[in-house]
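A.B. asks: The lines below spell out each chain.
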Amino acid sequence: MDVYGQLLIAGISTGSIYGLIALAFLIIYNSTQIVNFAQGEMVMVGAMMTFFGLSFHSFSYLSTFFIVIGSMIVIAFIFQHVLVKPLQKQGASMFSIIIGTIALGIVLSEGMGLWLGKQQYGVPPIIPNNPISLGNITILPQNLLIIIISWSLVISIWYFFNRTMTGLSLRAVSISTEGAQVSGIKISRMLAIGFTLSAVVSGIGGLLIAPVVGASPYLGLSIAVKGFAAAILGGMGNIYAGMIGGIIIGISESFFSFYIPSYAEAITFTIMLFMLVVKPTGLFPEHS
Amino acid sequence: MLLEVKGLTKRFGGLVAVNQVGFSVEEGKITALIGPNGAGKTTLFNCISGFYQPNEGEVLLNNSNIIGQPAHKILQKGLARTFQLVRNFEGMTILENIMTAAHVHSGQNFLNSLLFLPSVKKSEKELKEKANDILKFLNLAHVADKYPNEISYGQKRLVEIGKVLATDAKLLLMDEPAAGLNDSETRTLVDTMREIQKTGKSILIVEHNMKFIMELVQKIVVLDFGQKIAEGTPEEIRNNEKVIKAYLGGGKVNA
Amino acid sequence: MRKLKIFSLILVLSFGLLLVGCNSSSTQGSSGADDPIKVGYIGALSGGSSTMGVPGKNGIQLAVDEINADGGINGRQIELIAADDKADPATSATQAQKLINEDEVVAILGGPNSGTVKANSEVIAQYGVPELITIAMNDTLIDPNSATFPTTFRMTEDNSYDIRALAEFLIGEGHQNIGVIADNTAYGQSGTESIKKILEEKGLNVEIAVDHPVGAKDLTAQTLKLREANVDAVYVFSLGPEGALFMKTLKQIDWKVPVVGGRGLNMKAFVDLAGDAADGMILPTVINPNKPEAKEFIEKYDEKYNDDPTHVYSSLGYDSMYLLAAALKKSDGEGGDALIEALESLKDIPTVTGGMDHTASFTDDKHNAVNENYIIFNQVKNGAFEFYTDEVESGWE
Ligand SMILES: Nc1ncnc2c1ncn2[C@@H]1O[C@H](COP(=O)(O)OP(=O)(O)O)[C@@H](O)[C@H]1O
Ligand SMILES: [Mg+2]
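Chains as they are written, first to last, in my numbering: chain A, 1 to 288; chain B, 1001 to 1255; chain C, 2001 to 2397.
What the hints contain is simulated information worked out from the structure, not anything from laboratory work. Among these hints, one or two may not hold up.
[Stated by the list, open to error] Cut-off 30 Å, straight-line C-alpha distance, at most; resulting in silico cross-link-like pairs (DSS-like, lysine-lysine):
1) B/Lys1242 <-> B/Lys1211
2) B/Lys1073 <-> A/Lys85
3) A/Lys89 <-> B/Lys1006
4) B/Lys1125 <-> B/Lys1136
5) B/Lys1077 <-> A/Lys89
6) B/Lys1245 <-> B/Lys1211
7) B/Lys1198 <-> B/Lys1156
8) B/Lys1029 <-> B/Lys1211
9) C/Lys2256 <-> C/Lys2202
10) B/Lys1146 <-> B/Lys1136
11) A/Lys279 <-> B/Lys1146
12) C/Lys2300 <-> C/Lys2329
13) B/Lys1136 <-> A/Lys89
14) B/Lys1219 <-> B/Lys1029
15) B/Lys1198 <-> B/Lys1245
16) B/Lys1029 <-> B/Lys1073
17) A/Lys85 <-> B/Lys1125
18) C/Lys2381 <-> C/Lys2196
Use the sequences and the hints to build the structure in full.
C.D. replies: Written as structure tokens, this is what we have:
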């Protein structure tokens, strides 16, 4: 019986990471309709900064955490003030802005590679690898941490968007920019908050995943693909559904890898494609 | 004078949507802006409230020029507007819709709200009380926890008005607030406007419904093809030949 | 407006950088008697494989500096021109043409990725230029009698050489049923095939082989499948990150199965990621820290570069350059057929890699430099690679 449990917990753990990335992606998508193709690279920056803090400088995890958060705030600023705002001011189409995010992703990858080297780096786990037993299944502390932090973040962000005035204002901006302006909401301040939140969530994603897959400037794509898949499966209109989408993908990958190995990824993406065709709004369309 | 518009011009390419328009709004009064479809009323609103940059002219709010300032700055100075189309926040309750607008004065501090500071909790409680008061004032208290798609169109219109009330603005610009309302809803709206005026606020309103206008307002400004063709009391406007001609040319008097 | 300009500037700059990355350093000129002898290197200097490609290049450069300080090739200096193929076969082939046509190199040293080496060696052979592969291990890269790459030589051993050594080790430890884990790329799958073939030839039983995508974030399913198959030992052919993930998963499910691994796991990223989870694992390596020549190399290399904790890749680059220099001395700096002939006549050249008295040699029939008793085993201990034994039975078939 512990095989099922073991596969399940593995799926939940990887799925939580996918969900976290979907969350970061959907925060920006839902507040601006921008499809952020630099999403994976933002996570990559988080992972590389984790390596930079822990291995390059042997800082503590706490200092490294603040380095990651700090760099993500800088990236959010660049995203808004160097990419989105100037393009919007020029009256650029959404298409140009999305292409701009692809360019930003490339700049981030190449920039990181230029600065820290283009290698594959290893990053030590946050907690030593002593497995924790839960009944007759076991889990590595790092994976437990991934699950706990991912879900805490989703819950905090839900709380922020639904129970704080700032969060409600940010949602108001995403629902109707003009309506928000009429209500006196400072659009650009709100977007800054949205971009920062998304970048910080991405950075934490990078911090969590670095000890699992390592850090390299070209990590972004493979991470983003699963994050997008999770977002599409859950429903693009619902910020939190990406988490459910991620868990479903994680668990399906885990079980398919066991029962139909070699086809696990193909099956997962077939499910996603099927979903796009049959129910493009995803499993959990937006509540209204 | 609360609001003075002087020589305001707005062009879209070759089209002059608003041409050298000047008029004023007195404190405590309801002023109407009328004119046929396409006359430039909405464009004028957009220029005054900071959504468009006019090409020429001045807009003085309490004697200071507000041209070039962003909408949220102008709002903080006491000028708020509603849109011709309803812009409720779908997915948020009516109470939250109003609270969001009332939030404009509470700092909108991201860090504070993330850290769940007690001061935030307190100010949010105050916001909620204020929003509830506004809903009571608008007879919407019973729908406070409903979502926009669960209430009537007339109620949605009132929610839009509730939002501008919540901003504490002194001058409210309303773009066709009665559009699409049935007779009884229109009556309610007229009463509501009077109540709002009683609280000391001033209103500039665009409206096609002449009966509504004549009953409610103290002054009328008439636009045609982007130009001001008349300004005066309802009585004066009713008998103004230019106005009659403009409306006859446009088809019906309540165009 | 100004911001948009800045943004465009950044964009242009970054694309510029990309382009610069493609056209790596090059100088042009025709060769005369006193001009330096140009030698090319094509390897991954960026991307995941650069952990091998960069130390490989640095090892070569260290050898070049020593040879030049020592009088060069009969008085002429060597100039190393390195090109980054980003582990991409097409780029690698283009770089080969550029090195031969523009830089006019006499020989090319090949890098760590078998796919890219294969692509560039076909091009290089067409020009009759000799290529000496430093690190790539694929079995099919070397065949002096083939029409496609008759001018390709190799410093290091091939995969089968490693697998045979590990098979002997597994037999010595008394293991019978073996499980294999590898990634689902051509590299992983051809490795799996070789492992199956050789282990079975040696009388072992490959009970199960599982695979995973590169960049996998979880290997629970694969690990559980191996455990269900009840194998005595596991042969890990995956590369660093997934190899580490597998070792952590073993620890997680508390399955204390003996593990041996491919040589590709000799990288810092692997032990950094695995932490103590990889302890006890046996890995083949080519450098024996107890050998005086190796010890001396390690000290010199670490003083200058210190980017290769296992010294596998740097030492192979270093040995390759010395082999090539020995041949260049014989051909008096000439390339082409003269150099190929000189390479094929190299005999008993001492190497820093390999067992105690290991020497390298080529013949016109043998383009693999390595001889018997080349492999050494490392064991992972406390998250680091430690010398385990040099009493390893290794050799060609
Ligand atoms: N953003 C715009 N771009 C181009 N033309 C516009 C724009 N907004 C309004 N117009 C034009 O300006 C004129 C005035 O429109 P508007 O202000 O909406 O009139 P009204 O509100 O009085 O019906 C119309 O001819 C309209 O087509
Ligand atoms: Mg209008």
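A.B. asks: If any of the earlier hints don't hold here, list their numbers in rising order.
C.D. replies: Those not satisfied are hints 13, 15 and 17.
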